[in-house]
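Protein chains: 2
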Amino acid sequence: MNDVAREAGVALKTVSRFVNGERNIDPVLAGRIGAAIGTLGYRRNLAAASLRPGRSSRTIGLIISDLANPYYSTIARAIELLAREHGFLLTTASSDEEGDRHDALVDRLLGQQVEGLIVVPPRQAGRAWSQVPGPVPPVVFLDRPGDLAGADTILADNAGGARAATVELLAQGARSVAFVGDSRAISTMAERYRGYADALAEHGLAPDPALVSAAAHSKDQAAAVVAELMASGAADAVFAANNRASLGAVLAFRESGRRLPLIGFDDFEAAALLTPAVSVVSQDVTEMGRLAAELVLDRLSGAPARSDRLQILPTRLILRGSERVGHAAGGDR
Amino acid sequence: MNDVAREAGVALKTVSRFVNGERNIDPVLAGRIGAAIGTLGYRRNLAAASLRPGRSSRTIGLIISDLANPYYSTIARAIELLAREHGFLLTTASSDEEGDRHDALVDRLLGQQVEGLIVVPPRQAGRAWSQVPGPVPPVVFLDRPGDLAGADTILADNAGGARAATVELLAQGARSVAFVGDSRAISTMAERYRGYADALAEHGLAPDPALVSAAAHSKDQAAAVVAELMASGAADAVFAANNRASLGAVLAFRESGRRLPLIGFDDFEAAALLTPAVSVVSQDVTEMGRLAAELVLDRLSGAPARSDRLQILPTRLILRGSERVGHAAGGDR
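Quick mapping for you: the protein sequence lines, in order, are chains U and P.
Quick note on the UniProt record's numbering: the first sequence kicks off at 1 and runs consecutively.
Quick note on the UniProt record's numbering: the second sequence kicks off at 1 and runs consecutively.
One chain only, chain U, in its complex shape:
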């Protein structure tokens, strides 16, 4: 601090007050102190000082894709419940799958001195975690893997779940199972595609590019894809690779008055109430959120890191009827 004071040309007391986060400092002097700290290579100390000793934020940051998607709001709720038990608040922010936005949110949350971060990495990769300046609190990657060494990671068995769904559709007699999903730049989507292809291979089949869509980002886009597959007659069953795709398929069935056998990835609230009820690969989303919070809180309490840094949770195939052939689509009759 003496060096900083000399370099900045201010009193030692002023540096001390700056480092302690006091408010009544001339901004010009503060700027000179910041510059001096930089000049002297004290960046790490500055960041450490900004953590305000004696005061901790008791806040965990959560970065997801879109809080309005029930998949993510369920996760956020599960994290909130456990965090609250330990006196932590949750600051939640949506990346919209954009790398730049994700990076800016990481900076903002670190600037906010969150004590832990739970992150769903975005589809569009941003900067490497090794480029994040300053000390990084415990990080847990959720749903998709990230590139920070030593971070905990919680994934669902996406490949296994997709494989089970595809095997079931094949067992029902399908031979042209369509894959209706999002971009395989999303790791979960790539894994689901792998499970789908594995199941086909076990039956001596190969994925047909005409049956594979990566353009179903929304319910309406998925509906258009499924409508086209039905119109062309190319597919005899649909694996919908996320809940938006499932809703889109149901919409397409409803509008055409016909339907194909369907299994979707991710359960959703109305699945059992649709006609026919929609069969799904179910992730234990609440458990994933709870576990992520537990890992962050463990690290904050100084518990030794668990040896299993990567946890892959099993999925469950729930058959409700939509996987079978020959049921009428629900129509407003």
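Rather than coming from a laboratory, the hints here were simulated on the basis of the structure.
Any given hint might turn out to be false.
[Said to hold, decoys possible] Residues from chain U shown here face chain P by an in silico Cβ test under 8 Å; the list is partial: (1) Leu90; (2) Ala270; (3) Arg309.
[Stated by the list, open to error] To be clear about the criterion: a stretch of chain U counts as covered by chain P if any three or more of its residues have a C-beta under 8 Å from a C-beta of chain P, and this derived list gives those stretches: (4) 57-68; (5) 129-139; (6) 191-201.
Note that beta-carbon positions come from the ideal geometry of N, C-alpha and C, so glycine has one too.
Based on the hints, put chain P in the right spot on chain U.
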């Protein structure tokens, strides 16, 4: 400036704002920028730069009932979008309708120095706002009114929407319309009941206690209430006073293989996909969230308070088929 942005790990825009002396820059980022400027020997304009010591949190607090309820996660998302445009993060917490929990969350968020609060008051009233210690930042009550003088309040026209739904069911020939809802200690529920009773009165009818339920807190509880109404034959139509009650009614119809004319309050994603499609009173939930964020941000930017402190947004009756008699319930046939 590009070099500084890269060195500091912040957006170019942030460096530009820092160098231009803007006040609303996170001090931690400002510190990092100062350090980068020092490291790089970039001193131009430094004297003019405003590196504010002390802190502004650039965070808005949001208290809702339950983040896992799509009604609230849609609101949270809308608030987040506008807050983000202005550089604010959102810390969201669930009260679970409990007064004590709500009060503790207010204290925690104020301790966190949120710059504004958006609050859905809980069913169980907690302490009066006049008892909240310390300075209170701008507060907006959302969905339900609160007791803080001078706060902005944004409500939906709950009575008007419920009245319109009930009038429609009566126009379809019903004479024994059931009200399936939650406790009238929740102001929105009391307002919806008022609209329901008003519509009955206009037709020379009075609410029949045997047809009015305040116990439908969850989908399953609502399903049990509707199943009993169908078994007793007491009701010839159902007004479901929230989205959980609507799903419960659909579940009861499905399990019994019969159904009654139904209109629900609040739209939900699968409503149009059910059989028959569920008619609803729709609130513009996204607009409510956006407006709440706008009011908080207005106050923070020093804009004079608008004269209309209470805004009541209109609802919309969306008829999709379930309000009519004689459609079969969706079954897995």
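Going through the hints against the structure:
no.: 1; hint: Leu90; in the structure: 7 Å, holds
no.: 2; hint: Ala270; in the structure: 3 Å, holds
no.: 3; hint: Arg309; in the structure: 25 Å, violated
no.: 4; hint: 57-68; in the structure: holds (count 6)
no.: 5; hint: 129-139; in the structure: holds (count 4)
no.: 6; hint: 191-201; in the structure: violated (count 0)
Of the numbered hints stated above, those contradicted by the structure are hints 3 and 6, listed in ascending order.
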